[in-house]
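Chemist: Based on the hints, put chain G in the right spot on chain D.
These protein sequences, in sequence, are chains D and G.
Using our numbering, read the first sequence as starting at 521 and increasing by one per residue.
Using our numbering, read the second sequence as starting at 92 and increasing by one per residue.
Quick caveat, the hints were computed from the structure, so don't treat them as lab data.
By construction, the Cβ of each residue, glycine as well, lies at the ideal position given by its N, Cα and C atoms.
Wrong hints could be hidden among the right ones.
Unchecked claim - Which bits of chain D does chain G cover? Going by a derived footprint, with three or more residues having C-beta under 8 Å, they are:
hint	region
1	557-565
2	582-595
Stated by the list, open to error - Cross-link-like lysine-lysine pairs, in silico, DSS-like; alpha carbons within 27 Å at most:
hint	chain 1	residue 1	chain 2	residue 2
3	D	601	G	379
4	G	423	D	601
5	D	565	G	436
6	D	542	D	573
7	G	379	G	186
8	G	186	G	436
9	D	642	G	112
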Amino acid sequence: MNVPDDLLYTESHEWIKREGEKIRVGISDHAQAELTDVVFVELPKIDRQVNAKEAIAVVESVKAASDIYAPVKGKVVEVNKALEADPGLINREPFGQGWIYVLKVDNADDLRNLKDAAAYRKQIGG
Amino acid sequence: MAETATKKTALYPEHVKLGAKMVPFAGWLMPVQYTGIVDEHQAVRKNIGMFDISHMGQFIVEGNDARAWLNTILTNNVEKLEAGRGQYTFLLNEKAGIIDDLIAYRIGGAKFLLVVNASRADEDLVWLKQHARDDVKIESRSANFGGVAIQGPGIGELFPELPARNHIVDRDFEGMPISIARTGYTGEDGVEVFFRNEDAAKFWNAVLEKGKPLGLKPCGLGSRDTLRLEMCYPLNGSDLSPERNPIEAGLGFFVDLTKPDFIGRDVLVKTKENGPREKLVPFKMKDKGPPPRPHYSVFGNGERIGEVTSGTLSPSLNWGVGMAYVSAPHAKIGTQIDIEIRGQKFPATIEKKPLYKKS
Chain D
521 MNVPDDLLYT ESHEWIKREG EKIRVGISDH AQAELTDVVF VELPKIDRQV NAKEAIAVVE
581 SVKAASDIYA PVKGKVVEVN KALEADPGLI NREPFGQGWI YVLKVDNADD LRNLKDAAAY
641 RKQIGG
Chain G
92 MAETATKKTA LYPEHVKLGA KMVPFAGWLM PVQYTGIVDE HQAVRKNIGM FDISHMGQFI
152 VEGNDARAWL NTILTNNVEK LEAGRGQYTF LLNEKAGIID DLIAYRIGGA KFLLVVNASR
212 ADEDLVWLKQ HARDDVKIES RSANFGGVAI QGPGIGELFP ELPARNHIVD RDFEGMPISI
272 ARTGYTGEDG VEVFFRNEDA AKFWNAVLEK GKPLGLKPCG LGSRDTLRLE MCYPLNGSDL
332 SPERNPIEAG LGFFVDLTKP DFIGRDVLVK TKENGPREKL VPFKMKDKGP PPRPHYSVFG
392 NGERIGEVTS GTLSPSLNWG VGMAYVSAPH AKIGTQIDIE IRGQKFPATI EKKPLYKKS
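Isolated chain D, as found in the complex (with noise of 0.2 Å):
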């Protein structure tokens, strides 16, 4: 399984993207294995306040619907709309073009929490 190593992780296998005061987000490789095909996304509302390990997002698959959950404390700012006509995208690019949103952080010092690659890579026993 990819687990790029500039991304940090969570234990219910969200990856995170710092970029300045954002993060973007999506799940990963793993993830999307483990979902299988995945067939609809709802996106969380743009400005929505969100709280650590709060579920903000849907991703289902053919068998089942999965939350997607806020590494950290927050804002979104930008949801991946592409998704809603080609939930796909999350099984092709889960690291690419299948991110789900972008959160503004509201203390940076939250993501110290996060597991780095070789961390997440213990945890999914890869």
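Modeler: Showing chain G alone in chain D's frame:
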């Protein structure tokens, strides 16, 4: 709910070799997909797919009285079943609740093969033995036999000289004794093949090889579920349960009420007379949106009228579809309903079976 899977079918090593994603199902470790659910679904609709169904229970019922006795235990009419044929039927409790749905094959004059759901196999066997007569022998051969379903429009090219629909024949396949039944759970033409466990891997690999030029793919439980749901074939444990009877499930066709006596008959006669309180109906979402899922509430005119039992995004239609039990007055084809998904109501329409028709 964590399931502890302990049992592996004889084909387990083949699934692992093919890189299948294995999941616990009804006490078995089974492949949910090899390459992808949608991909495998399309293989069955367009070409051909092969599923391991070795987890299903296989019982042999034998004896001079076997036919007459089975006719008191199963809902369909076993007396009408000629040798070499199978019929879809139900095993009911005294309240006409569904213990299991199964196919009963008459494989000899006084010999039957019952193929039952993996999730109910143990329970079925106990029930059958409890109700058996002295001169009827009931034996599970599940520990020694496996099976595969090979389904899709390419089946005729793969197996020339197929038995007729619902017929079962014994054949020799490259030195292996197998039984081929022209049955299935996908809505496509196809067969279910039963073989001894020692032949399982050899048979599986021979078919994979032979099917390659025809686009045959190994298929997992994921596509098995989406394929059956498009056809509105029920899944026991989701759409059927001991709290539901076959008439409520819309499957009265497989119940012969003209038979003088079988377990559950009295209740079914009453249900038929009074009409069921709730009915299992297929539905289709009105708009593109989140797919329906089991246990979502169903509303009619703002009132809760039932619950979804199966739901998914149909890979063939690329649209949300499902089945739900709804109160009888709302069960008519064309009725507008709402499915509640994460607190929001989404409109849907009650449809005719099946949800998917070949064009």
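Chemist: Confirm or reject each hint.
Modeler: Checked hints:
no., hint, in the structure
1, 557-565, "holds (count 4)"
2, 582-595, "holds (count 4)"
3, D:601 - G:379, "holds, 15 Å"
4, G:423 - D:601, "violated, 37 Å"
5, D:565 - G:436, "holds, 18 Å"
6, D:542 - D:573, "holds, 17 Å"
7, G:379 - G:186, "violated, 40 Å"
8, G:186 - G:436, "violated, 35 Å"
9, D:642 - G:112, "holds, 20 Å"
Of the hints listed earlier, those the structure fails to meet are numbers 4, 7 and 8, in rising order.
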